[in-house]
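S.K.: Take a look at the letters that make up each chain.
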Amino acid sequence: MRTTTPTHDFVRGIWKENPVLVQMLGLCPALAVTNSVANALAMSGATFFVMSCSSVLISTCKRFIPHEVRISAYILVIATFVTLADMLLQAYAPVQHKELGAFIALIVVNCMILGRQESFSSKNNPFRSLLDAVGTGIGFTIALVMMGGFREILGTGSFLGVSLFGPNFEPWVIMVLPAGGFLTLGFILLAMGVFEQRKEAKDEQVTEVLS
Amino acid sequence: MSDQSLFSIFFSAMVVNNFTLAMFLGLCPFMGVSARVETGLRMGLANIFVLVLTAISAWFLNTYILEQAPYLRIISFIIVIASLVQIVEMAVKKLSPVLFRQLGIFLPLMTTNCAILGLAIFQTNRGYGFLQGVTFAVGAGLGLTLALVLMASIRESVEFSDVPGIAKGTGLVLIIAGTLSMAFMGFAGLL
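Sequence lines, in order, name chains A and U. Residue numbering for the first sequence follows our numbering, beginning at 955 and increasing consecutively. Residue numbering for the second sequence follows our numbering, beginning at 307 and increasing consecutively.
Because the hints were derived from the structure by calculation, they are not lab data. Since the structure is predicted, the reported quantities are computational estimates derived from the model, not experimental observations. Take these hints with a grain of salt, some might be off.
[Unchecked claim] Below are the DSSO-like pairs computed for lysine-lysine, each with C-alpha atoms no more than 30 Å apart in a straight line: (1) A:Lys1156 <-> A:Lys970; (2) A:Lys1077 <-> A:Lys1016; (3) A:Lys970 <-> A:Lys1052; (4) A:Lys1153 <-> A:Lys1016; (5) A:Lys1016 <-> A:Lys970; (6) U:Lys474 <-> A:Lys1153; (7) U:Lys474 <-> A:Lys970; (8) A:Lys1156 <-> U:Lys400.
[Said to hold, decoys possible] Ranges between beta-carbon positions, derived for each pair: (9) A:Phe1123 <-> U:Tyr377: 16 to 24 Å; (10) A:Ser1117 <-> U:Ala494: 23 to 31 Å; (11) U:Gln374 <-> A:Phe1081: 34 to 42 Å; (12) A:Gly1069 <-> U:Arg432: 39 to 47 Å; (13) U:Ile371 <-> A:Arg1152: 34 to 42 Å; (14) U:Asp468 <-> A:Leu1042: 50 to 58 Å; (15) U:Ser311 <-> A:Gly1055: 17 to 25 Å; (16) U:Ser311 <-> A:Ser1117: 52 to 60 Å; (17) U:Val469 <-> A:His962: 17 to 25 Å; (18) U:Asp468 <-> A:Val1163: 28 to 36 Å; (19) A:Asn1122 <-> U:Ile362: 49 to 57 Å.
Even glycine gets a Cβ: it sits at the ideal position worked out from N, Cα and C.
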């Protein structure tokens, strides 16, 4: 039954099955809070915490959760950790807590977290679930910081609040507005499509040469 | 208690701060069931229904139960929403099996639709009363429906045009959404 190695569990979520860019899960936070890198980092940190904790807890308790009510049980576990994350952020990063606002509570309905519990933690031991959650969390962070970086650099001409281009830079205000979120993710996906196509073309060439 | 007028709440939730295009709530159904106008419209109507029910129960919870225990807010909202969605699912299955098949997985997924939990949280944060909450829900639901129908009609016409291979699929949908969102920015500052 077990076909993957622990390393594979860990690496998979980072790029090859990246939750945001490949599986299109967790789009709401990915688009809504990435208007600056700092917000993207706070959001990924909170999601990372919630996902790792709930993965470990759920895979530990999986024997006691009846199959019929598992989804509700998962949601309850996730909601508990989200409440914790909400309070922690409020205590230690009040600025980010204010900026993110309702989107911290909305981590509960991030399909990525529920998806990992349903497809991985409910079938594997705590250690591997933790690896899987950490890998997916890193993938989520990469996607969010990438989008936040593009949007902040183009939209305000700064990175993490440090001005990059001097005072003569005319910011592309559209990039920090909602429309910019859709456009940034759209263009990232288009760029990934170009790479995929090139890779496929190369693979075909190789098989032709070999045959 | 917020003292915003009902009209301004309604209009703001519907177009100025459209849930999907300006606040990125409810993107999963927006991407998933926006291929046909008919399905999009029905999904939107189902959404309005659940949103209004959520607004009523969130108001009830806030006023009578959560005053003593505000830290239970997220947990209790999500339980109420999950059971509401379950009830709506059963009702739709019984009343209109065709619609049930068309909406497919997106009906149970409404539990994890950020628009619904988002509505309950925003309503609480802004301190809306009962009438204001319901108006907010109807406005937000109509806004979602509007976005879904607009998106679906654009996608229906794009289907027959010749798009480059790399742009087929989600990439194109996101760019269209970006353009729509830009159009909705025209409403900013109206209220």
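S.K.: Starting from lysine 970 of chain A, check that the Cα of lysine 1052 of chain A is at most 30 Å away, please.
M.R.: At roughly 33 Å apart (the allowed maximum being 30 Å), lysine 1052 of chain A and lysine 970 of chain A break the hint.
S.K.: Taking 23 to 31 Å as the stated bounds, is the beta-carbon spacing between serine 1117 of chain A and alanine 494 of chain U within them?
M.R.: For serine 1117 of chain A and alanine 494 of chain U the Cβ distance comes to about 26 Å; the hint holds.
S.K.: Does the structure keep lysine 1077 of chain A and lysine 1016 of chain A at a Cα separation of 30 Å or less?
M.R.: This hinted pair holds, its Cα atoms lying about 8 Å apart.
S.K.: Has the hinted range 49 to 57 Å been met by the Cβ atoms of asparagine 1122 of chain A and isoleucine 362 of chain U?
M.R.: Between asparagine 1122 of chain A and isoleucine 362 of chain U, where Cβ atoms are some 54 Å apart, the hint holds.
S.K.: Is the straight-line distance between the alpha-carbon of lysine 1153 of chain A and that of lysine 1016 of chain A 30 Å or less?
M.R.: violated, 41 Å
S.K.: With respect to the beta-carbon atoms only, verify the hint that glutamine 374 of chain U and phenylalanine 1081 of chain A lie 34 to 42 Å apart.
M.R.: holds, 40 Å
S.K.: Does the Cβ pair serine 311 of chain U, glycine 1055 of chain A satisfy 17 to 25 Å?
M.R.: holds, 23 Å
S.K.: Is 34 to 42 Å respected by the C-beta to C-beta distance linking isoleucine 371 of chain U and arginine 1152 of chain A?
M.R.: Because 57 Å falls outside the window, the suggested range is violated.
S.K.: Taking 30 Å as the top limit, are the C-alpha atoms of lysine 474 of chain U and lysine 1153 of chain A close enough?
M.R.: Between lysine 474 of chain U and lysine 1153 of chain A the Cα gap is close to 17 Å, so the pair holds against 30 Å.
S.K.: Would you say the C-beta atoms of serine 311 of chain U and serine 1117 of chain A sit inside 52 to 60 Å of each other?
M.R.: Taking Cβ atoms as reference, serine 311 of chain U and serine 1117 of chain A lie about 41 Å apart, which means the hint is violated.
S.K.: Can the restraint linking lysine 1156 of chain A and lysine 970 of chain A be considered satisfied, given a maximum Cα separation of 30 Å?
M.R.: Distance of about 18 Å is within 30 Å: holds.
S.K.: Has the given pair, lysine 1016 of chain A with lysine 970 of chain A, been kept, meaning a C-alpha gap of at most 30 Å?
M.R.: holds, 27 Å
This entry does not satisfy hints 3, 4, 8, 9, 12, 13, 16, 17, going by the numbered hints stated previously.
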